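Participant: Here are the chains, one letter per residue:
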Amino acid sequence: MKQLPIIFKREFTSFFATPLAYVFLLIFLVLSSVFTFYLSGFYESGQANLNPFFNFHPWLYLFLVPALAMRMWAEERKSGTIELLMTLPITRFESVVGKFLAAWVFAGIALLLTFPMVLTVNYLGDPDNGAILTGYLGSWLLVGAYLSVGSCMSALAKNQVIAFILTVSLCFLFVVSGFSLVLDVFNGWAPQWLLDVVASFSFLTRFQAISKGVIDVRDLLYFLSFITAWLMATAVVIDLKKAD
Amino acid sequence: MIKVTHLTKRFVQQVAVDDLSFTIEPGEVVGFLGPNGAGKSTTMKMLTGFLQPCEGNVSICGFDIGKQTLQAQRLIGYLPEGAPCYGDMSVGDFLSFIGQVRGYRGKELKQRVARAIALVELERVVEQNIDTLSKGFKRRVGLAQAVMHDPKVLILDEPTDGLDPNQKHQVRKLIKSLAVDRIVIISTHILEEVSALCTRAMVISHGRLLIDETPYALQSRSRYHQAVTILAEQPLDRQLLQALPGVMALEDNPLDGSITLLAKPGEVIFPAVNQLIHAQGWQVRELEVERGRLDEVFRSLTRGDAA
Ligand SMILES: Nc1ncnc2c1ncn2[C@@H]1O[C@H](COP(=O)(O)OP(=O)(O)OP(=O)(O)O)[C@@H](O)[C@H]1O
Ligand SMILES: [Mg+2]
Numbered sequence: 000m001k002q003l004p005i006i007f008k009r010e011f012t013s014f015f016a017t018p019l020a021y022v023f024l025l026i027f028l029v030l031s032s033v034f035t036f037y038l039s040g041f042y043e044s045g046q047a048n049l050n051p052f053f054n055f056h057p058w059l060y061l062f063l064v065p066a067l068a069m070r071m072w073a074e075e076r077k078s079g080t081i082e083l084l085m086t087l088p089i090t091r092f093e094s095v096v097g098k099f100l101a102a103w104v105f106a107g108i109a110l111l112l113t114f115p116m117v118l119t120v121n122y123l124g125d126p127d128n129g130a131i132l133t134g135y136l137g138s139w140l141l142v143g144a145y146l147s148v149g150s151c152m153s154a155l156a157k158n159q160v161i162a163f164i165l166t167v168s169l170c171f172l173f174v175v176s177g178f179s180l181v182l183d184v185f186n187g188w189a190p191q192w193l194l195d196v197v198a199s200f201s202f203l204t205r206f207q208a209i210s211k212g213v214i215d216v217r218d219l220l221y222f223l224s225f226i227t228a229w230l231m232a233t234a235v236v237i238d239l240k241k242a243d
Numbered sequence: 000m001i002k003v004t005h006l007t008k009r010f011v012q013q014v015a016v017d018d019l020s021f022t023i024e025p026g027e028v029v030g031f032l033g034p035n036g037a038g039k040s041t042t043m044k045m046l047t048g049f050l051q052p053c054e055g056n057v058s059i060c061g062f063d064i065g066k067q068t069l070q071a072q073r074l075i076g077y078l079p080e081g082a083p084c085y086g087d088m089s090v091g092d093f094l095s096f097i098g099q100v101r102g103y104r105g106k107e108l109k110q111r112v113a114r115a116i117a118l119v120e121l122e123r124v125v126e127q128n129i130d131t132l133s134k135g136f137k138r139r140v141g142l143a144q145a146v147m148h149d150p151k152v153l154i155l156d157e158p159t160d161g162l163d164p165n166q167k168h169q170v171r172k173l174i175k176s177l178a179v180d181r182i183v184i185i186s187t188h189i190l191e192e193v194s195a196l197c198t199r200a201m202v203i204s205h206g207r208l209l210i211d212e213t214p215y216a217l218q219s220r221s222r223y224h225q226a227v228t229i230l231a232e233q234p235l236d237r238q239l240l241q242a243l244p245g246v247m248a249l250e251d252n253p254l255d256g257s258i259t260l261l262a263k264p265g266e267v268i269f270p271a272v273n274q275l276i277h278a279q280g281w282q283v284r285e286l287e288v289e290r291g292r293l294d295e296v297f298r299s300l301t302r303g304d305a306a
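Line by line, the protein sequences are chains A and B.
For the first sequence, counting from 1, position 208 maps to 207 in numbering that gives the first Met the number 0; every step adds exactly one.
For the second sequence, counting from 1, position 62 maps to 61 in numbering that gives the first Met the number 0; every step adds exactly one.
Chain B with its partners taken away, still in its complex shape:
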């Protein structure tokens, strides 16, 4: 369990993290969301013991990160922002160094390194110097390093930044498979990643925790929650649509000529829309119900907050 109480970090120019408190239980995958400069990375740096907070405490599975730093750090796997690795080492040497620091020797060391390499598909570049790797491969080395010792707590700062779509998928699968009985914290600017991966979304802005709820609940805040979009062959009777119970407004999408019906908060309009279409005998090419648009929620929550 991670317990964070009144965590605060002030830099000379500004407050980066402002009175953050939360607890995370094993099995949870938490996504940190927030604009650039919101304090996500600074929070992670304090969770991992790199930065000392100005105020507040962090406890990792019962170990105070400030006082029992080493015990806590043994439980943590951490991918820092930008995935820094020793560039003058080869991938294999670097991972072997990390394995030794994690206390593995001999055969077990070899196995751990080989498994970490396989997990993020680094086989092709094992002999290559990290300096000469592409951005995505560097990130993967950082991930391999973080997961090598099956950490109880996995903290990943923008883990999928710079990965190709296949690798993004692979890494998400990896994180999901690791998440059982463990604590995973990721930060990301890819909002779909939060709904695809996380059980809990935390929106941070100006160092403050704005929202802490499930990704679904976060999506439900969107004006597009339960909205229905119709792409029809012929012009539709807008009055009939507007008059349906629960419909709040109509929106035209000039790009493809489709119409989006927004639902009133808490209402479900899809069945009524569906019935109307059948009753009118409209030729409908596409019909789509939305859970909500995260980017729109994100913008409305953090509008004007971008640092």
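With the rest of the complex left out, here is chain A:
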């Protein structure tokens, strides 16, 4: 555990060593404003809340978060620094979690930078600030889920572009698995419990529940165990693939 903050710090600062961090922040802030204020009819809706803002996040993250995660391990393998990292006295847990947390906290900061939105809705009306707070929490958990998938895919593929595509595809599946369109595929032939399982895997239903201001422990547990599972998979994949 002692090494975790050291790994975290190195990873976190390395975001800012390249333009990646700034590009990410810029695109995230611009796109979330554009979508919230122009495309979703924020002003016309006449309601003071941030629902349009949050509703759009699962789709925005679908492309931005994999871009943030893709270099996490792929870069280490490509440049050979993984050999250095794995021969320093650092546990697998420390390196996997340290890297993940660095990206998660970075994305959290990006999210916090959208606070002018909160000011705006508070200026325009009298929003439910509790719901806004849980919205932020849900959104951040969602980022964590995407990042954990991205971490594993980045460990799997030496090529960052492939890691990106794999992550986008997998996250897309997890997002849409709650849609009736997807569930219809299973309808009729699959047993009800399978339908429930598929639906319960959906990011979307969980996320929407949290961002409406309802914090259900099961939803929190879902995200946390989802992240844990993918990070454990990351550790396994690293051990299998590190030498290739």
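Honestly, I wouldn't trust all of these hints.
With beta-carbon atoms standing in for the labels, derived distance ranges [said to hold, decoys possible]:
#1 K157(A) <-> R298(B): 32 to 42 angstroms
#2 G65(B) <-> D183(A): 42 to 52 angstroms
#3 V179(B) <-> K157(A): 38 to 48 angstroms
#4 L24(A) <-> R114(B): 36 to 46 angstroms
#5 V29(A) <-> H188(B): 52 to 62 angstroms
DSSO-like, lysine-lysine: derived pairs with alpha carbons at most 30 angstroms apart [claimed, not checked]:
#6 K8(A) <-> K109(B)
#7 K172(B) <-> K2(B)
#8 K134(B) <-> K8(A)
Since the hints were derived computationally from the structure, they do not count as laboratory data.
Fair warning: this is a prediction, and the values are worked out from it, not measured in the lab.
We treat Cβ as the ideally placed atom computed from N, Cα and C, and that holds for glycine.
Position chain B with the ligands relative to chain A; hints supplied.
Facilitator: For chain B with the ligands alone, coordinates are given in the frame of chain A:
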């Protein structure tokens, strides 16, 4: 002490390391020699815990690298092949990161980093990003990283590759100074480095340990061991030379017109040659005794083995 028993690593296409066993005591400087693809780097990767062997064990000062990985890794300083470092960091930041991982904080961290920088003369590039360094400087950063914590076991994969002659000298001096009471393992393709630096040479080919002896003994395997080369002003009487006791054969060197007398195994011919020269009153410009040619030994040991 390092104890390696029946170490084996198989990849899909081939066996990279094949049943390697040896022990290394503190104070020894071991040189891994062998053709490309012989398994030197793969062996080092298993010694440092990066790769899991298919069979066999590695024990570093009593710690099993597979089971007590962290304890063993704390004792090891490792320069991986190609000296990979985080390119987006500056030299100073990178070394400070390594120092923190090695458990140093505050003033001690600063001292350790400064000392590592001084040891391989990195002062000039401390602020520079590693990505923008020349090959030799990158290698030096890798070395600085490996020696920072005064490791009991130092494992360096081609440490002098890409260094200029001054730096090669510097690094060899550094390795020698570190070697006291420690274990050093280097791999190299520069054969003179082994005689200049190592107390023990291991020749590996196709993953197998062919030879494990002192560099001098390795040199003695050469047909040129104890050979005498004469560069004279006038033509020499070849019959007289050939007839000297212990002389096996004569060889002409067309480049400079000198003659090399090969000694029979175990014989020393220099005194006899010297006497003959004096007795005949030959005008000799150069006279040289050889210990043996390592490249020739290397070739004959590993001929046709190059992967
Ligand atoms: N990850 C891997 N997958 C498959 N084969 C590998 C892998 N790593 C090494 N090898 C093979 O194992 C053999 C030994 O390689 P190794 O890098 O240990 O050689 P080496 O002695 O260090 O050579 P060099 O002098 O060129 O550095 C080679 O044939 C190499 O192709
Ligand atoms: Mg090698």
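Participant: Kindly indicate which numbered hints from before are broken by the structure, ordering the numbers from low to high.
Facilitator: none
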